[in-house]
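Visitor: One-letter residues, chain by chain:
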Amino acid sequence: MAANANRQSTNPEEQAKEGEATATNKEASAIRGAASAFKGWATTFDKERNQAQAESLKRGAQSVGRGVKTATVAVGGAVGKPMLAAAKSSSVILLILGAAHYFLRYFYADSSSLFGLSLVLFLVAGFALAARLERERIAILLPMLMFVIWYWIFNASISLNIILSFLLIGGSIMILVGLLTKGQSIGAELAGLIPVLFLFLDVGLIPFLVEKFSLTITPLIEALVLYMPWWAYLGLFTLPEHPMDNKFLNGFLGLLKFAGIIWIVILILSVSIPLASLNGAYGDTTTKLLPSLGELAKSQQQVTKKIGAGSELLSNLKCLFSDPTDLANCVDKDKTKAKFEATCNEKEDVKSGVTSLDDCVIEEQKKEQTALIQTSGSVDDTIKPTTLSIDIPPAPLQLTTKPAFAVTLMADNPRQLNLDVIVNCTFKKDSTAIKGELSEQGAPAEQLSLKITSDTAQIPLICSPTKDLEAKEKTAYTMVVEATLKGMVTESSLRRAFIGEVSKDQKKEVINKATADHFRSSQEVTSRAPAEFARINFAFGSPEKNPIIASGDVVRFSSSVENVGGGRIIAINSYSYDLPEKGFSSSSATCFTFKKITIPDGAGNKISLDVCPVHLPSELDHFKGDPKVETFYATLNYDYAVKKEASLEIQAVPTE
Amino acid sequence: MKMKLIFGVVLLVVVLISGCGGESQNTLQKNYKIGYNGLTLVVDEQRSPSVVYQDRPFSLAMTIYNRAGYEAKNVRVSLGSYDQTFLSVPNSQQQFPLIEARSAFTDDNGGRADLLFNGKILGLHGSEERRENYRLYVSYDSKIEFAPTICVNTAPYSVFDSGCSMPAKPVSFSGQGASLAITSMEEIVVGAENPELELRLHLEDRGQGQIKSMKLGQARLGNVPLACQFRNMINNADSGVSFKKDQREGDVICTATLSEKYSYDTPLFVELSYNYEFSVVRQVTIKK
Chain C
1191 MAANANRQST
1201 NPEEQAKEGE
1211 ATATNKEASA
1221 IRGAASAFKG
1231 WATTFDKERN
1241 QAQAESLKRG
1251 AQSVGRGVKT
1261 ATVAVGGAVG
1271 KPMLAAAKSS
1281 SVILLILGAA
1291 HYFLRYFYAD
1301 SSSLFGLSLV
1311 LFLVAGFALA
1321 ARLERERIAI
1331 LLPMLMFVIW
1341 YWIFNASISL
1351 NIILSFLLIG
1361 GSIMILVGLL
1371 TKGQSIGAEL
1381 AGLIPVLFLF
1391 LDVGLIPFLV
1401 EKFSLTITPL
1411 IEALVLYMPW
1421 WAYLGLFTLP
1431 EHPMDNKFLN
1441 GFLGLLKFAG
1451 IIWIVILILS
1461 VSIPLASLNG
1471 AYGDTTTKLL
1481 PSLGELAKSQ
1491 QQVTKKIGAG
1501 SELLSNLKCL
1511 FSDPTDLANC
1521 VDKDKTKAKF
1531 EATCNEKEDV
1541 KSGVTSLDDC
1551 VIEEQKKEQT
1561 ALIQTSGSVD
1571 DTIKPTTLSI
1581 DIPPAPLQLT
1591 TKPAFAVTLM
1601 ADNPRQLNLD
1611 VIVNCTFKKD
1621 STAIKGELSE
1631 QGAPAEQLSL
1641 KITSDTAQIP
1651 LICSPTKDLE
1661 AKEKTAYTMV
1671 VEATLKGMVT
1681 ESSLRRAFIG
1691 EVSKDQKKEV
1701 INKATADHFR
1711 SSQEVTSRAP
1721 AEFARINFAF
1731 GSPEKNPIIA
1741 SGDVVRFSSS
1751 VENVGGGRII
1761 AINSYSYDLP
1771 EKGFSSSSAT
1781 CFTFKKITIP
1791 DGAGNKISLD
1801 VCPVHLPSEL
1811 DHFKGDPKVE
1821 TFYATLNYDY
1831 AVKKEASLEI
1841 QAVPTE
Chain D
404 MKMKLIFGVV
414 LLVVVLISGC
424 GGESQNTLQK
434 NYKIGYNGLT
444 LVVDEQRSPS
454 VVYQDRPFSL
464 AMTIYNRAGY
474 EAKNVRVSLG
484 SYDQTFLSVP
494 NSQQQFPLIE
504 ARSAFTDDNG
514 GRADLLFNGK
524 ILGLHGSEER
534 RENYRLYVSY
544 DSKIEFAPTI
554 CVNTAPYSVF
564 DSGCSMPAKP
574 VSFSGQGASL
584 AITSMEEIVV
594 GAENPELELR
604 LHLEDRGQGQ
614 IKSMKLGQAR
624 LGNVPLACQF
634 RNMINNADSG
644 VSFKKDQREG
654 DVICTATLSE
664 KYSYDTPLFV
674 ELSYNYEFSV
684 VRQVTIKK
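Chains as they are written, first to last, in my numbering: chain C, 1191 to 1846; chain D, 404 to 691.
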């Protein structure tokens, strides 16, 4: 190339080519200079050299081409002179992107979609920190890279073998780098841990700990930690001393830094995380110590939802002015209201304006209060359940306006009860409903009454409309078949152990033995009923969920009716308990007696019945000796409807 | 040479086999007051089916063996903690005033008492099958005797006087043939003018139940009565003591002032009476 440059040429084409080659040579030389300057930046920090490197970079940039220069000027013009100066620092990028990331997460709450940005911020943070270091900046990548390898390639395993091999290899590399740089890379290697920490803080390490390890964190702190713009703060703190030319902007940034420090100090002073509980909590996580990003995001979303989408801070601020004397209560009320408002805002009738938000909130509050006193129950697998279902086989297009469709009523009756079933059918199209009639073998009727006493039954039925359906063209109708089980009886059982008069010393041992013998699972503590239609849940004890009752315990009774099938409870005809027969009594006269219940439209799955104090018979209360165990029964008599819908097509026979 | 080797091996085997000649036939010499055995319940599985049917009789036959080296008195066996809704046992408690100790006059299981609980399996209320747990509770009164020969040396300095030497460390014992056992003893001599011997006895419950109460009976060192006190125990209402909550061990400290200034071997006798309780959980499957 040098020989070519020295050679004189007379041909204009050749001269042009030579000129081009010279220019290319100059550009290549400038790029080499820029690369050398970057290399210098990555390894040392020296003001004078930095100046020279900046010059070199500038020369390189000028030589790369006009287009780039134009673009740089355009960007510079848009950002303005002070910002252009600040933009030299990656901290500003981190600050801006971090703030954007925070706002995106705050308003859209979907952390999973922001993972990519989190990872970008992770790299930018590494770069920003490296820029603050004086020596061997490139070493900052070592811990970051090692973490990434361990986390993603080794799946954050804490298996002893993996950890040891990883530490051995990683440690050797870091020591080797440290030795080669005469210990100057140690600062950079340690600084590399900061982006790792911030990555976790950002994606929700603390909510994960709260959820998975049940750490005690006050609600206020929970909100403060969750809604901290971590990346932006890192960008803020890695900014140079006077990043802007403008004094006002520099002062503002200084204030922001101060506020950030105050915020973090508040966090450190206020957080009361019992770290000791971590020891036990990690006990069973033998293969993976750290959560995956997916787990973190899920935790973050759940905790965010739980605390009411950041309403904690707002509630605190609001209550600070409105009710400073009873701050805790005010915040609690405000939070509860915010939770109900969030639920109501999702409801269709509120969205459409049919129900006002306030009415909905009041309704939700009532529901929660009712749910609090509702008794729960479980399935008794030892009793085969009664089932009732309707099968409508797919039917081909019927070319008639008075079609007939096959329906099969199926029942399992393992307890051989006398089941009374009333079946009816309806044809629906838009808002029009045409009654149907059903026939088994005899004449059709609008309501077909059937009796089932056998173990199993499959009753074929024919459903047809009582009048002609409108179907000039091919029309789809919905056939609704409903079977109502009248006077269905479901019995629930509840076991309790009575330990009588035992000494304090013996009590623990007696309770432990009774629990081991009779109440090993949570299902054995609650009342149990076969997995059919509806059941009565009942419990008594001190409190109700405690299955072991000692002499002198204040015993409370509660009950509810629960719909556990896929249908509707039409009516509760009666319910009763065998407690009065076994000598139990209550100061509430109506405690064990049946009270007529009207089932409201849109009632939930549970309807509360009774909550009252009960007195034990003396033989179960005042006795000495071995514990007594007894099972109690409650019987529910009810009407229950199951429904099946099918879309069917009909068409009138075309007349010539 | 080869034959000599084979002969030698055969001879060695014969000597070894004859050397393992089983237990001594002189049973009258056997010490039954060793180990940690107590009362044991053995259910006659054939006469006590584990699968029963509703509305059918229920029976539970068993034998209680006294494998301890001491008589068991006021033995009470009760069937409890069963669900009265599914099982009815009219007489759920049986008592035996005395079950004799394991001795040369009993077999290795010791004295025995047979018992039978009868009842009825009730209706299942629609269940196909239920597995019901119940417990057999056993309580009895018994005692232990601790009677080793010990060396006592009240001399102010450890001088060899052709007698015996007192152990410098606590001595371990492998039980006295009952669930309650003195498992170690330490001898301490306090003072020089009127030296006092302090015997620190460590008590342990090595059975599967619980000591409800224990009391000290006789305590002598040769002919000298010992003054004994329980330590690390809870005083019961019946003037007895029991181990602290969740503990199965405690101490007894016995003291005596001795006049002799030389070492000598002498028999120690400490008797402790106790009330013991244990329970066994069993399961019955009730079918429709």
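Where hints are given, some of them may not hold.
As the list claims (entries may be wrong) - Derived DSSO-like pairs: lysine-lysine, alpha-carbon spacing no greater than 27 Å straight-line:
| hint | chain 1 | residue 1 | chain 2 | residue 2 |
| --- | --- | --- | --- | --- |
| 1 | C | Lys1772 | D | Lys476 |
| 2 | C | Lys1814 | D | Lys690 |
| 3 | C | Lys1834 | C | Lys1619 |
| 4 | C | Lys1818 | D | Lys615 |
| 5 | C | Lys1694 | D | Lys691 |
| 6 | D | Lys691 | C | Lys1574 |
Quick caveat, the hints were computed from the structure, so don't treat them as lab data. Bear in mind that the values here come from a model prediction, so they are computed numbers and not experimental data.
Visitor: Against each hint, give a clear statement of whether it holds in the structure.
Guide: Evaluated hints:
1. Lys1772/C <-> Lys476/D: The hint is violated at about 38 Å.
2. Lys1814/C <-> Lys690/D: Violated, because 32 Å separates the two Cα atoms, which is more than 27 Å.
3. Lys1834/C <-> Lys1619/C: The given pair, whose Cα atoms are some 16 Å apart, holds under the 27 Å limit.
4. Lys1818/C <-> Lys615/D: 21 Å, holds
5. Lys1694/C <-> Lys691/D: Roughly 40 Å between the alpha carbons, so the hint for Lys1694/C and Lys691/D is violated.
6. Lys691/D <-> Lys1574/C: The given pair, whose Cα atoms are some 12 Å apart, holds under the 27 Å limit.
The earlier numbered hints that this structure contradicts are 1, 2, 5.
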